[in-house]
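**Student:** For the record, the sequence lines run as chains A and B.
Our numbering applies: residue 16 is where the first sequence begins, and numbers increase by one.
Our numbering applies: residue 18 is where the second sequence begins, and numbers increase by one.
Treat the hints with caution; some may be incorrect.
What the hints assert, rightly or not - With the C-beta cut set under 7 Å, the calculated list includes, among others, these residues of chain A facing chain B:
(1) A47
(2) I142
(3) F175
Stated by the list, open to error - Cβ pair distances, simulated, as ranges:
(4) B:F290 <-> A:G65: 52 to 62 Å
(5) B:L451 <-> A:P35: 45 to 55 Å
(6) B:F290 <-> A:S69: 55 to 65 Å
(7) A:G156 <-> B:K394: 57 to 67 Å
Please keep in mind that the hints were generated in silico from the structure rather than gathered at the bench.
All residues carry an ideal CB built from backbone N, CA and C; glycine is no exception.
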Amino acid sequence: MQTSNTIPVSADSGEPWVLPHRGIVGMWCLIAAESAIFLIFVVAYIFYLGKNLSGPLPSQVLELPIVGTICLLSSSFTVHAAVTALRKGNVRRCTLALALTILLGAAFLLTTAKEWHYLIYEAGLTIQTNLFGTTYYSLVGLHATHVVVGLLLLIAAFLFSLSGRVTEAHADRLEVLSLYWHFVDAIWVVVFLVVYVIGR
Amino acid sequence: MHRRKPWILPPLQPRNLHLPNPQRFGHSRLAYLAALAQLCQRHPPPYLRNQLRAPRLNAFSFWLSAFGGFLLYLSYFAASGLYGAGSAPDVGWFAYAPLTAKVFSPGHSTDYWTLAVLMSGIGTTGTAINIVATTICMRCKGMTLTRMPLLVWLYLVTSCMVFVAVSPLSAAQIMLCLDRYIGSHFFDTQAGGSAVLWMHFFWIFGHPEVYILILPSFAFINEIVPVFSRKAIFGYPAMVAASVGIGFISLSVWAHHMFTVGMGPAGNTFFVFATMVISVPTGIKMFNWLATIWGGKVIYRVPMLFAVGFLFQFLIAGLTGIMLSVAPFDWQLSASYFVVAHFHYVIVGGILFALFAAFYYWYPKMTGRMMNERLGKWHFWLFVIGFHVTFDFMHIPGLLGMPRRVYTYEAGRGWEIWNLLVGIGAIIQGIATLIFVYNLIHSYFRGKEAGPDPWDAWTLEWATPSPPPSYNFAIEPSITSRRPLWDLKHPEDPDSSYE
Numbered sequence: 016m017q018t019s020n021t022i023p024v025s026a027d028s029g030e031p032w033v034l035p036h037r038g039i040v041g042m043w044c045l046i047a048a049e050s051a052i053f054l055i056f057v058v059a060y061i062f063y064l065g066k067n068l069s070g071p072l073p074s075q076v077l078e079l080p081i082v083g084t085i086c087l088l089s090s091s092f093t094v095h096a097a098v099t100a101l102r103k104g105n106v107r108r109c110t111l112a113l114a115l116t117i118l119l120g121a122a123f124l125l126t127t128a129k130e131w132h133y134l135i136y137e138a139g140l141t142i143q144t145n146l147f148g149t150t151y152y153s154l155v156g157l158h159a160t161h162v163v164v165g166l167l168l169l170i171a172a173f174l175f176s177l178s179g180r181v182t183e184a185h186a187d188r189l190e191v192l193s194l195y196w197h198f199v200d201a202i203w204v205v206v207f208l209v210v211y212v213i214g215r
Numbered sequence: 018m019h020r021r022k023p024w025i026l027p028p029l030q031p032r033n034l035h036l037p038n039p040q041r042f043g044h045s046r047l048a049y050l051a052a053l054a055q056l057c058q059r060h061p062p063p064y065l066r067n068q069l070r071a072p073r074l075n076a077f078s079f080w081l082s083a084f085g086g087f088l089l090y091l092s093y094f095a096a097s098g099l100y101g102a103g104s105a106p107d108v109g110w111f112a113y114a115p116l117t118a119k120v121f122s123p124g125h126s127t128d129y130w131t132l133a134v135l136m137s138g139i140g141t142t143g144t145a146i147n148i149v150a151t152t153i154c155m156r157c158k159g160m161t162l163t164r165m166p167l168l169v170w171l172y173l174v175t176s177c178m179v180f181v182a183v184s185p186l187s188a189a190q191i192m193l194c195l196d197r198y199i200g201s202h203f204f205d206t207q208a209g210g211s212a213v214l215w216m217h218f219f220w221i222f223g224h225p226e227v228y229i230l231i232l233p234s235f236a237f238i239n240e241i242v243p244v245f246s247r248k249a250i251f252g253y254p255a256m257v258a259a260s261v262g263i264g265f266i267s268l269s270v271w272a273h274h275m276f277t278v279g280m281g282p283a284g285n286t287f288f289v290f291a292t293m294v295i296s297v298p299t300g301i302k303m304f305n306w307l308a309t310i311w312g313g314k315v316i317y318r319v320p321m322l323f324a325v326g327f328l329f330q331f332l333i334a335g336l337t338g339i340m341l342s343v344a345p346f347d348w349q350l351s352a353s354y355f356v357v358a359h360f361h362y363v364i365v366g367g368i369l370f371a372l373f374a375a376f377y378y379w380y381p382k383m384t385g386r387m388m389n390e391r392l393g394k395w396h397f398w399l400f401v402i403g404f405h406v407t408f409d410f411m412h413i414p415g416l417l418g419m420p421r422r423v424y425t426y427e428a429g430r431g432w433e434i435w436n437l438l439v440g441i442g443a444i445i446q447g448i449a450t451l452i453f454v455y456n457l458i459h460s461y462f463r464g465k466e467a468g469p470d471p472w473d474a475w476t477l478e479w480a481t482p483s484p485p486p487s488y489n490f491a492i493e494p495s496i497t498s499r500r501p502l503w504d505l506k507h508p509e510d511p512d513s514s515y516e
């Protein structure tokens, strides 16, 4: 032992050495970074509340997006169902749940699109109109961008699953994706409260 | 103590090893090991490729940061500026609104700046994610969080700070892009937008960023001071707690850059106190380093010289920092040469000295050759003299009222002699840096062979050959204490018996 040049091994080296899944850790880090970005946009929104030099004002043009909110929040349950099904090896059920998630996410985007169409063409509110337009379109638009990214990833997972390339072994990866989707939903809760409840 | 054994990997002590799956390689463990000894140098087995956790993310982040830099410099050639062809982004480093508005910054140099910062910010965040995931998910067996080298701890804290500090800057740059390109009004004062909001958003990044710079330097000092004092670091848990504390508190001090804006007494008071509080964990670190040196058998090789220089200068930098944290004092000296002297004391006297120490310390590991000691000492002494001539005297014209960002001034204000001294010091520092660069290149070809462990150090990197192979360890090590190589060199008195 005196002249040994090895790295000594612990006496209890038999015990298992389990470390967390890298994707999950990485996704939590991304969520932390993204939360900070959203925080800045939310702060800007709240800071500029009631400082508009001209209309239209939130109270005049905003409606509660109830249908879209229900769609998006329930998609959290379906994506969770997809992961649970895959963990149990039920690929068919997983594919179905993914399809449902995509439909619900797309329905949410549709309600946002309709809302924006109304605001731009009928209420006359664009990003250039006033501070409300500036902060509203950037905050809701930033969230919608995240929904689009999440949808693209979900569609990719769905297509892989449909072509039979997804197995139980991919459950961890799907969970990383579902984590991102839950984050997008959680952000919507904040945006909903700030823009449609407090800000109106 | 002074054994200099050539440590050849992989180790050939079968009874000490916990092997992943020896059976699949051959008939007996010994045959496998002997074969591995030959093979590992050229063909690392797939499970031993121990780079960062996510190599593709690593490359992606690196190239994003690099291209962000290229984009910024492209502005010199491509952006149509006020006077024609190219112009540098000319809105100052904090780019205060409304100077960045399209009206006041026509042309594209500001756009280059915005996009470059945004791009390299994404690259930085990617690397931070990579470092955190690697730290959490790729620790070798026995490497619990409380046994991690302090260097790794500090990189973990730094990376976590990147998430919450760099992202606000990215968000602010997105807003600025929207303002400049599609006419939104975030920082447009004509439409009710706020210039002060930009200041807040910028400094929410800007001050934690200073700690993102200094924490890696603390990390180097944490490794170097114990090795050259021949003692284990004093107060490991306190060091970890102080680092995490600095990480948190640094997020609540940003507005001490804005005392002259007029935030009102409540805002000013909060940021005065927060700024003073952050000197507590920093002080804990300082005392722990001193306590590590205290009673140690200090070896003044070049890395340790720079580390001691760091301790001395960083202390003074911290003291002028506390002076500036007092709002009324700051009102007098904000945007004066006193501030310039203060932060150069941090960045040159602290960060750069730690970087030099790290260069001399890890150069043998990176290249397999020692840096020249005599040239290193010339470098240190010239640099330390040049540093003090420049930055000690720079405080004085600041106190005499010399403002920042002036390229000339009226004669007879009493600033001339001090600026002359500052200039002379800068020349001395320049000469010292040239010696350093020469030493870097010269030692790469002519330096003394370093061997795997030239400093008789204790952390795992010194158990690999110099330079280490791309797979780092042929056989994943398993550790039982904070100083695995101490345990190895002193089996009669291992650290693990004290844990």
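**Student:** Indicate, hint by hint, whether the structure satisfies it.
**Tutor:** Checked hints:
no.: 1; hint: A47; result: holds, 4 Å
no.: 2; hint: I142; result: holds, 5 Å
no.: 3; hint: F175; result: violated, 19 Å
no.: 4; hint: B:F290 <-> A:G65: 52 to 62 Å; result: violated, 30 Å
no.: 5; hint: B:L451 <-> A:P35: 45 to 55 Å; result: holds, 48 Å
no.: 6; hint: B:F290 <-> A:S69: 55 to 65 Å; result: violated, 41 Å
no.: 7; hint: A:G156 <-> B:K394: 57 to 67 Å; result: holds, 59 Å
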